[in-house]
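Protein chains: 2
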Amino acid sequence: MKGSNQGDTLHAGRREAAIHVGVRLHVEADLAAGAEVPLDPAQAHYLRNVMRRAPGDAVRLFNGRHGEWQATIAALGKGKGAAAVSEQTRPQAPEPDLWLLAAPIKRTAIDFVAAKATELGVSAIQPVFTRRTAVARVNVERMRANMIEASEQCERLSVPEARAAARLDKVLDAWPRGRRLLFCDETRVGRPIAEALAAERAKMPEPWAILIGPEGGFVPEELERIRAVPAVVPVSLGARLLRADTAALAALAVWQAVMCGE
Amino acid sequence: MKGSNQGDTLHAGRREAAIHVGVRLHVEADLAAGAEVPLDPAQAHYLRNVMRRAPGDAVRLFNGRHGEWQATIAALGKGKGAAAVSEQTRPQAPEPDLWLLAAPIKRTAIDFVAAKATELGVSAIQPVFTRRTAVARVNVERMRANMIEASEQCERLSVPEARAAARLDKVLDAWPRGRRLLFCDETRVGRPIAEALAAERAKMPEPWAILIGPEGGFVPEELERIRAVPAVVPVSLGARLLRADTAALAALAVWQAVMCGE
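If you read the sequences in order, they're chains D and Z. Each number in this note's numbering comes from the position in the first sequence (counting from 1) with 8 added on. Each number in this note's numbering comes from the position in the second sequence (counting from 1) with 8 added on.
Heads up, some of the hints might be wrong.
Any copy will do: because identical chains look the same in the list, a pair fits if it lies in one copy or spans two.
[As the list claims (entries may be wrong)] With a Cα cut of at most 20 Å, we get these calculated SDA-like pairs of lysine to any residue:
{"hint": "1", "residue 1": "178", "residue 2": "229"}
{"hint": "2", "residue 1": "178", "residue 2": "235"}
{"hint": "3", "residue 1": "114", "residue 2": "58"}
{"hint": "4", "residue 1": "178", "residue 2": "143"}
{"hint": "5", "residue 1": "178", "residue 2": "189"}
{"hint": "6", "residue 1": "88", "residue 2": "49"}
{"hint": "7", "residue 1": "114", "residue 2": "59"}
{"hint": "8", "residue 1": "178", "residue 2": "227"}
{"hint": "9", "residue 1": "178", "residue 2": "148"}
{"hint": "10", "residue 1": "211", "residue 2": "267"}
{"hint": "11", "residue 1": "178", "residue 2": "132"}
{"hint": "12", "residue 1": "211", "residue 2": "183"}
{"hint": "13", "residue 1": "114", "residue 2": "249"}
In short, the hints are calculated from the structure, not lab data. This structure is a prediction, so every number in the text was calculated from the model and none was measured.
Can you make the complete structure from the sequences, with help from the hints?
Shown next, in the form of structure tokens:
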């Protein structure tokens with residue numbers, strides 16, 4: 009999963025998905041019947057050169073605020089374009105308030121986790137630096153691009169917030185009162201995740217966050233700091249030693265299934 | 009995730025994991041105190057050139073039958089080596105009987121799914137060709153290599169079985185009596201997955217399988233055939249449209265958490 013190939017893969021996957029369900033784009037502009045919405049250079053390139061679309065062809069648009077709308081390509085040139093919005097296909101709907109706090113491992117791993125977490129319904133992704141995190145910086149713009157693409161493909165009505173990477177202790181110092189913290193504890197002293205979440209389920213729709221450690225685990229001081237968060241729920245993901253990216257996706261999938269599963 | 013880079017990534021991840029938990033290798037030979045076990049050329053290369061190990065250094069070995077054993081590198085040359093087995097570190101333990109049936113999408117996607125599914129505890133992976141599967145063949149040897157590497161890293165005591173790809177209808181025609189089939193139904197008529205599995209939980213340790221469709225879904229005749237399997241349990245993975253690889257990992261994570269979560 010090197011940078012450039014990761015991009016190719018996403019592109020190929022994006023095209024594949026669009027063939028089945030039609031082109032769907034995230035825009036910043038307001039959406040309403042009759043609106044004409046500008047398309048950015050990357051979107052124009054994608055429609056023209058990857059999907060071979062032309063003016064008059066259909067696209068669906070969403071902006072995270074006004075639901076999803078049917079639109080028609082009104083203009084499409086090199087590096088620019090516009091879409092004419094016709095009618096709403098889905099109203100905006102509430103989504104769970106669920107953050108993912110994950111330690112970046114390698115340059116592309118956080119992009120991969122961010123895209124998959126978007127599919128699995130997170131509302132924000134917060135990369136956190138821990139004492140055993142080897143990666144020194146995170147390209148938040150590229151992470152956000154991956155999240156937009158994933159949102160477009162998975163029929164979400166929103167793009168999760170892509171937060172700038174921050175030190176774990178700073179994030180915990182500013183922890184919002186009442187936001188529950190599902191701590192996936194590789195020391196395996198937590199309760200089994202499904203059992204722990206089932207016991208918390210009655211309290212929905214409280215805001216939540218999921219915290220996944222770096223590959224080498226947390227140092228003792230970090231473990232102590234995490235366990236001191238008032239709303240922490242330490243859980244075990246089972247007997248197998250999951251890689252950090254797998255652990256993040258497993259925890260998100262189980263959270264969604266248990267907390268929002270009907 | 010092109011082929012070669014996927015390999016590099018796994019290699020890098022493997023080295024990273026081994027730094028934290030020590031080198032762990034799957035072998036075919038019997039394991040017992042005092043045994044001398046041959047290392048294959050790839051293992052010798054990995055120990056010598058990637059991990060910079062030498063005779064006298066420690067490794068852990070497992071074969072899926074005799075638990076995990078501490079061993080010492082007894083000989084290490086170019087393309088060959090041997091390890092001297094000393095004492096058992098973990099006895100062989102029962103594992104869930106859980107197959108994954110997944111339609112291959114792109115050349116490397118099945119390798120990725122196979123590695124992640126190994127971490128998430130499947131006992132066998134069966135690639136299935138469906139009417140909307142564009143991929144015409146699966147490299148089972150490469151898939152198995154990914155599964156061995158994943159098993160070594162995630163502390164499993166076994167390597168899941170890597171089955172040759174087969175047509176879905178043939179696999180269903182030979183469906184073993186009593187093996188339950190968790191059908192992740194993208195038409196979303198199934199019950200929510202956590203709820204459906206909780207209702208089945210009392211029947212453990214029955215054998216199970218999880219079936220994930222191709223990106224474009226199943227054709228109506230296939231849906232009919234799947235729903236006719238006596239032990240089928242159709243479930244929904246939620247409101248979002250998951251990519252096939254994400255759906256496979258989500259279903260496995262939820263199955264493990266609900267069925268084996270304590």
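Checked hints:
1. 178 - 229: So residue 178 and residue 229 pass the 20 Å test inside one copy only (14 Å; across, 55 Å).
2. 178 - 235: within (15 Å within a copy, 51 Å between copies)
3. 114 - 58: Answer is between; shortest inter-copy Cα gap is 18 Å, intra-copy 29 Å.
4. 178 - 143: within (17 Å within a copy, 47 Å between copies)
5. 178 - 189: within (15 Å within a copy, 46 Å between copies)
6. 88 - 49: within (5 Å within a copy, 55 Å between copies)
7. 114 - 59: Result: close only across copies, 19 Å inter versus 31 Å intra.
8. 178 - 227: within (16 Å within a copy, 51 Å between copies)
9. 178 - 148: within (18 Å within a copy, 47 Å between copies)
10. 211 - 267: Within one copy only: 10 Å inside, 23 Å across.
11. 178 - 132: Answer is within; shortest intra-copy Cα gap is 17 Å, inter-copy 43 Å.
12. 211 - 183: Classified as within: same-chain Cα gap 19 Å, cross-chain 42 Å, threshold 20 Å.
13. 114 - 249: The answer is within: 18 Å in one copy meets 20 Å, while 27 Å across copies does not.
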